[in-house]
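Colleague: Given next are the chains, with one letter for each unit.
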Amino acid sequence: MAKPAKVLLNVPAIKADFPILQRRIRDRRLIYLDSAATSQKPKQVIEATSDFYSRYNANVHRAIYELGEEATREYEGAREKVAAFIRAKSPNEIVFTKSTTESLNVVAYGYGLKGKLQPGDEIVGTVMEHHSNHVPWHFVKDHKGAVLKYVDVNDDGTLRMEQYDELLTKRTKIVTVAFCSNVLGTINPVKEIAKRAHEVGAVCVVDAAQAAPHMSIDVQDLDADFLAFSGHKMLGPTGIGVLYGKPEALEATEPLLGGGEMIREVHLGRASWNDVPYRFEGGTPNIAGAIGLGVAVDYLMKLGMEVVRSHEMEVTQYALEKFARLNGVKTYGPKDAKKKAGVLAFTIDNAHPHDVASILDVEGICIRSGHHCAQPLMERFDLPATARASFYIYNDLEDVDALVAGIKRVQEVFA
Amino acid sequence: MSASYDLYQEQILDHYKHPRNKGPLPGAALNARDSNPLCGDEVVLHVNVDSSKRISEIRFEGQGCAISQASASILTTMLKGQSMAEVEALNQDALLKKLGIPLSVVRLKCALLPLHVLRLALGDTKAVRT
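Taken in order, these protein sequences are the chains called A and B.
In short: position in the first sequence from 1, add 41, done, that's our numbering.
Numbering follows our numbering, with no gaps: position 30 of the second sequence is 19.
In case anyone wonders, no lab produced these hints; they're calculated from the structure.
Incorrect hints may appear among the rest.
[Stated by the list, open to error] Sample of chain A residues lacking proximity to chain B, with all beta carbon distances greater than 10 Å (derived): (1) Asp92; (2) Glu295; (3) Met342.
[Unchecked claim] Short derived list, chain B residues pointing at chain A, Cβ under 8 Å: (4) Tyr(-3); (5) Pro8; (6) Leu27; (7) Cys28; (8) Gly29; (9) Val33; (10) Gln52; (11) Cys54; (12) Ala55; (13) Cys99.
Beta carbons are placed, not taken as given, at the ideal position from N, Cα and C, and that holds for glycine.
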């Protein structure tokens, strides 16, 4: 028997807030272990978005009438909530985008490609980035002649920090890094990475897609210049993302989208831009999405991000210990839950990850299989694919037990 | 057994665990390779055709899920000794019927990858990914 782990959140009460978790799949309870791909949504978030459309749907920042004022108030209120969530100094440091991907593209395009980078300037990334933090920088290389360098990982899934130091030069202008790996779960020393970037005069961009939903973030303490994350991985709707930027960093960034909302004055052939952050929000924004994200932030803040993190550490540690006792199953990334987010990539001898996912699906268990949009990392570990389970506030030890039983079932089929 | 375990029927597991006609075929006349970018499934086909335009030898190499690899193995057993006219007439329905398992849209890509590689090997440069 495993030692009784502390499950700090009241999971049955939380589950009751998530309509989809009441659903049965093939007459089994749904066990959702793919929150690293997208989280499920509590009824509070679902109701907030539908409430916007039912009661006060209007465009923001323009309409004089009551509905427009309400919509603007709620949309800007969501910006304030997000700012408080990551302890930004001001809501003006929060740009709403559609996704982490868009946020990172805004930085790559507006700060890198159209910004102050010169040919030969260097951008340092890591091999553990998600494709969304690789490909935008490829554009900067291809169109601006920037030089891309990558920090490798150790076999235990941690970054090779001594190599990072070697890669930094006077020509390093941008350092970009995942806060947490979406495959290994590794929590990177982002504060230290930003500090060393600043020592050579570079800005630090943080992909916090896998961190913001799961742990407390203080952008002032981290001192990162840009930080990106998505609403849909943190209980919010799809189609809403966040780009945090220090005021001076955002001022130095050119907008990606030209159009309504982002301008001050438009004349034939020329325009002047609106202030930050509106400069980056061309077109009618995802108003319902932002409002839903604001309510998701309320939900998480009420639980407390420290408690969320502790809960997930307990579940992850329990899973790591259970997996360690399974023969023929290999896990990737740190083996200590203190060093990783609730993301567990694994392979089973003689069973391809897609077959693992198919068989677990029969048991009502949702996991991810594939390259997880991290092909350079998969190449680093010489893996064509892995299975991946990821945990969130609505998962408990029973879910882990079900996963382990499912894995044994897979092993029977492929014995 | 629930319906979805039908995916891993005896025949599929048998071909996956004990693939037929697997391995290299040095100097083969027709060769092609393709992969499924979503899954990383990979299938390589090597084919020799004799003077009477029949497939005299066929071997496959590859890696991937049970569905793609069993499908490749089963396809080679279907093709050996067939005339080129028969091979060209072989469509996906024939292969799927032989596999005999219910496939979701995603897994259909795995099952049909070997057939796609066959089309490439036969020189159909317009073969589109299924």
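Colleague: State for each hint whether it applies.
Modeller: Hint by hint, here is what the structure shows:
Every CB of chain B is more than 10 Å from the CB of Asp92 (chain A) (nearest about 35 Å), matching its label as outside the interface. The Cβ of Glu295 (chain A) lies farther than 10 Å from every Cβ of chain B, with a closest approach of about 33 Å, so its non-interface assignment holds. Every Cβ of chain B is farther than 10 Å from the Cβ of Met342 (chain A); the closest lies at roughly 37 Å, confirming the non-interface assignment. Checking Tyr(-3) (chain B) against chain A: minimum C-beta separation of about 5 Å stays under 8 Å; hint holds.
Interface restraint check for Pro8 (chain B): the shortest CB-CB distance to chain A comes to about 13 Å, outside 8 Å, so the restraint is violated. A distance limit of 8 Å between C-beta atoms decides the matter here; for Leu27 (chain B) the minimum to chain A is near 7 Å, and the interface restraint holds. The criterion of a C-beta within 8 Å of any C-beta in chain A is met by Cys28 (chain B), whose closest approach is roughly 5 Å, and the hint holds. Nearest Cβ of chain A to the Cβ of Gly29 (chain B): about 4 Å, under the 8 Å cut. The hint holds.
Taking 8 Å as the C-beta cut-off, the interface hint given for Val33 (chain B) is violated, the closest approach to chain A being about 14 Å. Given hint, Gln52 (chain B) at the interface with chain A, holds; its Cβ is 6 Å from that chain's nearest Cβ, closer than 8 Å. For Cys54 (chain B), the interface hint holds, the least distance from its beta-carbon to any beta-carbon of chain A being 4 Å, beneath 8 Å. At its closest, the beta carbon of Ala55 (chain B) sits 5 Å from a beta carbon of chain A; the interface hint therefore holds under the 8 Å criterion.
Annotation: interface hint on Cys99 (chain B) holds; nearest CB of chain A at approximately 7 Å, less than 8 Å.
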